[in-house]
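Novice: Spelled out from the first residue to the last, the chains are:
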Amino acid sequence: MSWDWNYTGEILPDLLSGLRITIAATLLGYVIALVLGLVWTLLQRTPSRAFNLAVHWVAEFIRSTPLLVQLAFVFFVLPGWGLTLSALTAGIIGLGVHYSTYTAEVYRAGIADVPRGQWEAATALNLPRRRVWRSVILPQAFRRVIPTLGNYLIAMFKDSPLLMGITVVELLNSAYQAGAKSLQLLEPLTVVAALFIIVSVVSSLIIRRLERRYATN
Amino acid sequence: MPPTDTTPEAPTPEEAPKTPLSKTPLPETAPSKTPLPHGDTPGIRFEKVVKRFGGNVVLRELDFTVAPGERVTLIGPSGSGKTTILRLLMTLEKVDDGVIWIGDRSLSHMERGGRRVPANEKHLHEMRKQVGMVFQQFNLFPNMNVLRNLTEGPVHVLGVSRDEAVERARGLLDMVGLADKIDAHPSQLSGGQQQRVAIARALAMQPKVLLLDEVTSALDPELVVGVQDLLRDIARQSDLTLLCVTHEMHFARDISDRVLMFDQGQIVEEGPPEQIFGDPAEQRTRDFLQAVLAT
Ligand SMILES: Nc1ncnc2c1ncn2[C@@H]1O[C@H](COP(=O)(O)OP(=O)(O)O)[C@@H](O)[C@H]1O
Ligand SMILES: [Mg+2]
Numbered sequence: 000m001s002w003d004w005n006y007t008g009e010i011l012p013d014l015l016s017g018l019r020i021t022i023a024a025t026l027l028g029y030v031i032a033l034v035l036g037l038v039w040t041l042l043q044r045t046p047s048r049a050f051n052l053a054v055h056w057v058a059e060f061i062r063s064t065p066l067l068v069q070l071a072f073v074f075f076v077l078p079g080w081g082l083t084l085s086a087l088t089a090g091i092i093g094l095g096v097h098y099s100t101y102t103a104e105v106y107r108a109g110i111a112d113v114p115r116g117q118w119e120a121a122t123a124l125n126l127p128r129r130r131v132w133r134s135v136i137l138p139q140a141f142r143r144v145i146p147t148l149g150n151y152l153i154a155m156f157k158d159s160p161l162l163m164g165i166t167v168v169e170l171l172n173s174a175y176q177a178g179a180k181s182l183q184l185l186e187p188l189t190v191v192a193a194l195f196i197i198v199s200v201v202s203s204l205i206i207r208r209l210e211r212r213y214a215t216n
Numbered sequence: 000m001p002p003t004d005t006t007p008e009a010p011t012p013e014e015a016p017k018t019p020l021s022k023t024p025l026p027e028t029a030p031s032k033t034p035l036p037h038g039d040t041p042g043i044r045f046e047k048v049v050k051r052f053g054g055n056v057v058l059r060e061l062d063f064t065v066a067p068g069e070r071v072t073l074i075g076p077s078g079s080g081k082t083t084i085l086r087l088l089m090t091l092e093k094v095d096d097g098v099i100w101i102g103d104r105s106l107s108h109m110e111r112g113g114r115r116v117p118a119n120e121k122h123l124h125e126m127r128k129q130v131g132m133v134f135q136q137f138n139l140f141p142n143m144n145v146l147r148n149l150t151e152g153p154v155h156v157l158g159v160s161r162d163e164a165v166e167r168a169r170g171l172l173d174m175v176g177l178a179d180k181i182d183a184h185p186s187q188l189s190g191g192q193q194q195r196v197a198i199a200r201a202l203a204m205q206p207k208v209l210l211l212d213e214v215t216s217a218l219d220p221e222l223v224v225g226v227q228d229l230l231r232d233i234a235r236q237s238d239l240t241l242l243c244v245t246h247e248m249h250f251a252r253d254i255s256d257r258v259l260m261f262d263q264g265q266i267v268e269e270g271p272p273e274q275i276f277g278d279p280a281e282q283r284t285r286d287f288l289q290a291v292l293a294t
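Heads up: the protein sequence lines correspond to chains F and V, in order. For what it's worth, numbering that gives the first Met the number 0 labels the leading residue of the first sequence as 0, then goes sequentially. For what it's worth, numbering that gives the first Met the number 0 labels the leading residue of the second sequence as 0, then goes sequentially.
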């Protein structure tokens with residue numbers, strides 16, 4: 000079996016449109032993960048211990064079950080309850096919600112890392128609680144966790160082929176479909192791997208830059 | 000110029016007419032002796048204050064009074080409870096028993112239906128307006144520049160307009176000699192500069208009571224004097240009630256009307272600085288001073 004450049008050229012447009020879907024799903028899912036993760040974290044810091052614990056276990060449950068199962072649940076089960084989503088929307092939500100339970104842990108650690116003296120100075124200034132979070136704690140916690148959050152973006156990107164399981168024609172699925180016609184998978188799969196590497200490396204570089212920028216400030 | 004004079008229109012929580020303590024004895028605690036005088040600047044009174052950490056009783060029915068505008072230095076060996084006293088006043092810790100008074104209002108408790116109940120967040124917020132604290136480790140907000148460190152509280156707590164807060168910040172930075180650092184971030188400042196910003200930040204809130212907890216002990220030796228000179232000026236020019244923990248005897252002598260010597264959460268001896276440092280009556284005080292001088 001030898002490499003066929005012509006064939007590679009033919010399938011490339013399809014693969015690139017698959018890549019677009021993959022990137023869109025990852026980025027939108029990431030936004031959900033970033034926002035919802037913070038919600039999980041803050042909901043575990045309410046005055047009610049029981050409530051905090053309940054939230055903790057829900058998040059723990061989501062984190063400990065496979066992403067593919069959750070995707071299937073959102074796409075195949077929710078319609079039975081009256082919530083029908085497109086495959087891509089279901090994929091984005093599933094990816095975002097699953098990873099939000101990881102970012103929640105990241106935020107929790109980042110918040111715990113803010114020195115106690117910062118809380119005390121905020122109290123001494125009599126800042127209201129919401130203001131303490133907004134102006135003092137969260138900005139410092141964010142800065143500390145930027146590298147870790149960046150790594151989760153890449154992890155999500157690499158998990159995105161699971162969306163194929165709910166019929167999303169993302170990068171890997173587009174490769175299968177291209178290969179199915181010709182029964183030749185070497186080129187499509189190799190190109191998929193190459194694209195994954197290129198995007199990952201580029202994202203890593205961007206993340207490292209962000210990291211340096213916030214570390215020096 | 001005394002920092003308290005710069006903005007006469009700032010809210011003063013002590014303005015409301017007050018009922019003397021003795022006329023409204025509250026249940027559940029022994030009636031207080033005499034009401035603290037209250038003008039603009041409140042005094043402080045600890046009444047049988049108990050503070051424990053687990054099984055460790057740090058303050059055992061501690062009683063003492065600080066008059067309005069009085070400047071008091073707390074000295075004593077490490078672990079004797081000095082920081083705990085300041086932290087209680089800043090509401091960073093809660094009393095286990097007893098009452099702390101700031102002016103004629105209880106810090107730790109409030110009245111509800113004629114009964115004394117533990118303070119809620121609203122009451123603490125109200126009481127904290129009178130108190131400011133400067134920490135050993137500065138605790139500036141590293142994510143904000145110097146200006147915002149100084150305006151965050153006035154804008155979001157005192158409700159001062161941003162322009163006015165900036166104006167006030169400039170004035171305070173002038174006073175602490177750091178007008179040119181207004182846009183700097185704390186990490187770009189020396190320890191001494193950071194501490195001076197922290198002092199300005201505390202004063203920007205226009206406290207009536209200022210708490211200083213070993214504010215120069217984290218500084219390099221050559222930076223100590225600058226901060227001490229600043230505090231000396233502030234003490235001289237303002238009518239703040241001042242509680243200061245320090246091991247620097249010269250500084251304590253300059254800054255305080257009275258010195259309280261603590262050991263194991265209790266006052267061993269008290270008096271004017273000249274007497275405590277020059278002619279201490281108690282052996283424990285003599286030992287302590289000897290040990291401090293030796294270092
Ligand atoms: N957060 C805390 N948890 C447990 N013990 C504490 C805490 N803060 C202070 N202590 C204890 O209380 C005692 C008094 O401490 P502190 O007020 O810091 O003394 P000082 O400032 O005079 O050195 C010490 O024995 C210290 O170990
Ligand atoms: Mg101390």
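Since the hints were made in silico from the structure, they are not lab data. A portion of the hints provided could be inaccurate.
What the hints assert, rightly or not - The calculated EDC-like cross-link candidates involving lysine to aspartate or glutamate, where the alpha carbons are at most 16 Å apart (straight line), are: (1) V/93 x V/46; (2) V/128 x F/13; (3) F/180 x F/13; (4) V/47 x V/95; (5) V/180 x V/166; (6) V/93 x F/13.
Novice: Would you mind marking each hint as holding or not holding in the structure?
Specialist: Hints, one by one, checked against the model:
1. Of the pairs offered as hints, the one joining residue 93 of chain V and residue 46 of chain V holds, with about 14 Å between alpha carbons and a cut-off of 16 Å not exceeded.
2. A hinted pair counts as satisfied when its Cα atoms are at most 16 Å apart, and residue 128 of chain V with residue 13 of chain F does not qualify at roughly 65 Å.
3. Our distance criterion of 16 Å between C-alpha atoms is met by residue 180 of chain F and residue 13 of chain F, whose separation comes to about 13 Å.
4. A C-alpha spacing of about 10 Å is found between residue 47 of chain V and residue 95 of chain V, which places the hinted pair at or below 16 Å, so the restraint holds.
5. The suggested pairing of residue 180 of chain V with residue 166 of chain V holds, with an alpha-carbon distance near 15 Å, which does not exceed 16 Å.
6. Pair hint residue 93 of chain V plus residue 13 of chain F does not hold up; C-alpha atoms about 66 Å apart against a cutoff of 16 Å.
The structure shown violates the earlier hints numbered 2 and 6.
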